[in-house]
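Trainee: Here is how the chains run, residue by residue.
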Amino acid sequence: MSTTTLAALVPLLPLLGAVAGLLTGRRAPGFAQPLAVLPTLVSAVLAVLVAVRQGGGEPLRAATELTPTGDDSLPIQLALDVDGFAALVAVLVGAVATCVQLYSTGYLRDDPRYASYASFVSLFTAAMLLVVYADDLIVLLVGWEVMGICSYFLVGHYWETRAARDASLKAFLVTKLGDVPFLLGILALATEAGTFRISGITSRLGSQLAEFELAHPTVIALLLLAGVAGKSAQFPLHTWLPDAMAGPTPVSALIHAATMVAAGVYFIARLLPVFAASAAAMVVLAVLAAVTIVGSGLSALAQDDVKRVLAYSTIGQLAYMAGALAVADRGAAVFHLLVHGAFKALLFLAAGVLIHAAGTNSLAAMSRMGGLSRIAPDAYWTMTVGLLALAAIPPFSGFFSKEAVLAAAEHAAFGAAAAGTTPAAGWIVLAAGMLGALLTAAYAARLWLLAFRGEGPPVPAEEHRREPAVMNVVLWVLALPSLALGLAYGVLPEWFGGGSLAPSLATSVLATGVALVGVLLTYGAWRQTTAHAAPRTPMGAVAAHPRGDAALSEAEAIATHEPAYGDIASAPDPADPSRLLLGPLHDTAAHGFRLDAAYAVLFVRPTRAAARLVRFIDREVVDTYVRGAGLGPRLLGSLVRRTQTGNTQTYLGALLVGSLVLAVAAVLVAAGTSGA
Amino acid sequence: MHLAYPAVLAALLFCVGLYGVLARRNAILMLMSVELMLNAVNLNLVAFDVWLQERLHTGQALALFTIAVAAAEIGIGLAIVLLVYRTRGSSEIDRLRDLRETDTGPDAGAASGADGPEEQAGVQATTDSGRQTS
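Order-wise, the sequence lines are chains A and B. Sequence positions in the first sequence follow UniProt numbering and run 1 to 676. Sequence positions in the second sequence follow UniProt numbering and run 1 to 134.
It should be emphasised that the hints constitute simulated quantities derived from the structure, not laboratory data. Among the hints, a few may not be true.
[To be verified] A few chain A residues facing chain B, derived, Cβ under 10 Å:
(1) 643
(2) 650
(3) 652
[What the hints assert, rightly or not] Counterexamples of contact, computed for chain B against chain A with all Cβ distances above 12 Å:
(4) 4
(5) 18
(6) 21
(7) 23
(8) 43
(9) 57
(10) 82
(11) 102
[Claimed, not checked] Heads up, incomplete: computed chain A residues facing chain B, CB under 10 Å, no partners named:
(12) 607
(13) 608
(14) 645
(15) 656
Ideal placement from N, C-alpha and C gives every residue a C-beta, glycine not left out.
Work out the full structure, taking the sequences as your base and the hints as a guide.
Mentor: Shown next, in the form of structure tokens:
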């Protein structure tokens, strides 16, 4: 088969799997697992095959016209464009999706809605692969929106709980808020560039001979940026992502590692020349990335729910990628995307095992249990690897990719980078990146210390049901790239056709030093708080069925967190080192700097007030006229009804008189007309 | 014969019938008065048929038709009167006023919608009791 056919099959197979799964899920539940795992697995293998055949060489392009638009020179084409970026990102998506599907077979083993869940995961994967391979902006948009609706269904998987229902709606609405400007941006870009093909736009912008320039590059870039900020959860549209933790853990892993949030960063990487055409947009992107890095780091430090810590870390790591793009280094951005995809999927899936083992998602409760590392040794070791990669400790993979980002920022800051960047953007990203390195190391250390170094009555091992083997196997499979993928920095520039991704000495020493400081600070604070809060009061929020299915205990953990602590994000735990580290900031940071409350004041309340006003106008003003119109005839009717005496002869008399009057009138009229 | 004689006779008959329908209290007499009015019309039909010398004799045909309809009508009418008499012990037409608009029902001005079903229910009750007594 030709490489083009293989590339077309990569997004098609999960789509077919999803359709088949949705059709047969109810009648033949036995087929649900193979229908979920096999197409994704085959498509991952095909993605690897495509990547091997493409080999980072000339981009592979193929197109067929999908539908004409009103303008003959602007058709929508079913086009694919497989360059080094697309090939490698597709491999990541396929691999992570396969891991997630395998993990889900164990995690949601007893779930009654497993078939539809797995089908939506497949559909999600297909949509992301379509976004990765698509060369046409409209086709890309289709995949982009399918992901949006799939995230709605998947985040709301435990729809029996209120948190999950609210979170799914919020995820859908917030990303849609970004998608409206995104659509306008796509249309404006295609109108100005004269084509929907991404490869056409970038080659026109890139060629020196054509001297093609966009008329309004800043407007277009900012419109597109709104959609990207919504999808990739960047400030100020990031608020949906921490709440999306109400979904099952494998879904969090899929959304946060390889799909959905990665789509936004990948989109900018694909269309970097468009963004680079506007220095203002690049500075805006840099500022957004910097705000997001610092804010998410502080928030992650204060969260109590394991998964919410990881969610804020996802936001922060995506902001690193956005920062790399703000200094026009897409090689570094996609490198970090690949590495982050691997270790974040690992972290989430390990957190799923951890939550099942502990029966709670609360770090405060975990820090009061002894021996969690003994009960879930696989989760312990793999999560350690993942957290080291997250904190960018050499030689783990996260170190290399983060250093690539920081090195790119350093080049831009000292004016040695590609066109389209400004030293200002470089400095912003560099400073925020250093601060982010400190915070990342601090919250990674806090998570590890609280989860695995807790003191208290040990959970008896026999009481806890062991995870299915497949879940632990997947963890080790993902631990491998988290350990070693960073070493690919020597090979990747060939695929990306960009500059070197090797870490530069100054930033690496500085960033690693800062990260170590973060770890030591957290350790010191932890020793301090655990010593002071020695008589520890036990904390609640423990799942009622610790021996049940993993998904069941997670759903219960989510549902009980708020009743137990009075809050979904934080717990009143005096032994938490983050209280010492953040001081008075702690409470604000735990709630994402009250951004949700601000949005509630700015948008939700005015909308509700407007709705009440419309309701009042409809009920009290419009309806008054309607009721008034009914009142007159009703009064008349009640008058006329009084003549209904029940006496037949009265009626007949009235009938006679009436007909006489009519007859006389007719005669008079006839006489009058004939006489005239 | 001049047309005036049957026409005047028919007019007189009709007036007698009309008086009976409007003034008699007995239902059977009222039905008889209706018959008088019908026959006045029949007389007119036949007279004008002859007067106009019509070839198809539509007047006579219509008169036969009216007689048939009148026979059916009087049959049904008498049956109803018989039933009403059995139910109520009287066939006086001005006593049969169950369908009149009453002030005792729901407020006539405010809730007109509620009147219809209630009155229907009243009618049903009387027919039901009628069946029971017969």
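Trainee: Tell me, which hint numbers fail for this structure?
Mentor: Numbers 5, 6, 7, 11, 12 and 13, in rising order.
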